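Participant: Read off the chains here:
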Amino acid sequence: MKTPLAFALAAVVLAALAAAPLFIPDYWTGVLLGMTGYVALATAWALFSGPTRYVSLATVAFFGVGAYTVAVLNEVLPYPLVLLCAGGIGAAMALVVGLSTLRLAGVYFVIFTFGLAELVRQTVSWWEVNVTYTMGRYVFLPFEGRHIYWQLLALAAVTLLISWAIGRSRLGLALKAIGDDETVAAHAGINVTRIKLTLFVISATLITLVGAIQAPRWTYIEPSIVFNPTVSFMTLIMALLGGAMRLWGPLVGAVPLFLLFEWLSVSFPDHFSIILGLLFILIVFVMPQGVLAKLEDLRGRGKP
Amino acid sequence: MLEHVVNGLVLGGTYALVAMGLTIQYGIARIMNLSFGDTIIAACFATWLMFTGLALSPILALVVLVPAGYALSLVVYRFIMKPLVDRAPDEGALEVDSILVTFGLLFVIQGVLLTLFGGGYTSYSYLNSPVNVLGTTVAANRLLALALSLAIGAALVVVLFRTRWGMTLRAVALAPQSAPLYGIDTNRAARTAFAIGGALACTGGVVLSMFQTFTATGGVVFTMKALIVVILGGKGSVPGAILAGLLLGLVETFVAAYIDPGLTLAAVYTVFLALLLVRPNGLFGKA
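Chains as they are written, first to last, in my numbering: chain B, 1088 to 1391; chain X, 8 to 294.
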């Protein structure tokens, strides 16, 4: 497809999605909202983890920090400034985490990010109990579901745009080289650490913003709610199902899985995590490169 | 003070024990097992069931559960890990695949435990009598836990470093490409290593349940601590795991006693990062 045509089509779809809450019941706006949130999360996750193959399990650490920033600042600052602060805090945290772990081998990174959410949760809980003497916080912002949805939709569109732009830039090329072979990339004169760090910070900032924007949905926030590890897990599995190496992959994975999880958590609340786990194992076995790659594979096989 | 040292050593001994299991799985079978902690928790619950339901002592549970852990891990390896090993083009791909699959397994085990036992804290009282050690009182169950950890750990070190069988396993850990040239069956070594790891996780679970409370969702924290111990000690190094495990137990106990029990994980992470910045390959790692 020609690029201008693709952009026009994307703009039409975006406009239709933006208009949707005016015509559908509130329940479905809520579903769309959750779905858009996960599209943004999975795309932002894949931005860094797809090409570098560094599996990050820290999604909810940034997501939760975003939500908590809004909870702490929503009565002190105007909303746009609160979002700006959340993004800034997310970026700063990503910079610190990245600087201390990204120069280590891949598996160290996985392990560090694995526990990061737990670490942040413990630290925030400790701080709230011992320093500010509050455990939960209230978020009072005059937003309805559709207002949050529109913000998330804009963020998801921006995330996809960033992902597209990076894929076409020198940065994207360098990333692919790093994903193929880090040592070779380094010898070819690519500043591996700096590129990984840049991408990690961009990806983490976007994830933090998703958390910040979604915060008003809860009204009441406490560490165990916003640092729930299932968020990292679902983001990862969605991006994997769709294909983390492709622009549309995370989106293709996020939409059906979100609807499936929504249905599962209503129908089988007690066995949710067992089904989630089995699904995850199945996806790794059947579609290691994601649905899009599988489809291309099948189409390629159909030809003589 | 001395009381904290003893308690720290008890906790550290258990960490060392389970970390040995993880380091063997990772070093020899090349599988990064994120469901390790949930295996530990499953063993905790099994011990609790046998103790409260059948009035069997944890020592007897050890005799039953350790072989069961070995056998179950063999099954898991055969049906879940082996296909991934066969499929992976290189070591890095296997590492990522195994992380993803065991992440799924983590949720399955946790979900099953939640359905069976609920989300509450569980514990039982076994040998909870005070014993005088060097002038401080320590619970007898903690001493037994320490003794068991040391005995099992030492036995494993002897087997790994003094028998031909152990040498085969270490050869695969050191040079997976060249080991087959000397007639070593690497597949078999990997399978055995994974099963030994599972057996050690069960051992750790039984020992831990004697003196700590546990919940169905607590596995993740154990996996994390075991991983940190493995990396601190240098991946694949058994002596490193023992030393790092003891260190971690001491740090945790002291932070909980003198600073705040809520900050143990933060302290562990600080030690982890600080050490990695000084020695990126761990205490006993090779550059």
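What the hints contain is simulated information worked out from the structure, not anything from laboratory work. These figures come from a predicted structure and were not determined experimentally. Heads up, some of the hints might be wrong.
[Stated by the list, open to error] Label pairs and their calculated CB-CB ranges: (1) SER136/X - VAL1216/B: 48 to 56 Å; (2) TRP1214/B - SER136/X: 34 to 42 Å; (3) LEU1109/B - ASP267/X: 44 to 52 Å; (4) ARG94/X - ALA1106/B: 39 to 47 Å; (5) ARG1257/B - MET8/X: 20 to 28 Å.
[Claimed, not checked] Rough simulated footprint, nothing fancy, chain B against chain X, three-plus residues with beta-carbon under 8 Å: (6) 16–27; (7) 113–125; (8) 229–237.
The beta carbon of each residue, even a glycine, is placed where N, CA and C say it ideally should be.
Participant: Of the numbered hints stated previously, which ones are contradicted by the structure, given in increasing order?
Facilitator: Numbers 1, 5, 6 - these are the hints that the structure violates, sorted from lowest upward.
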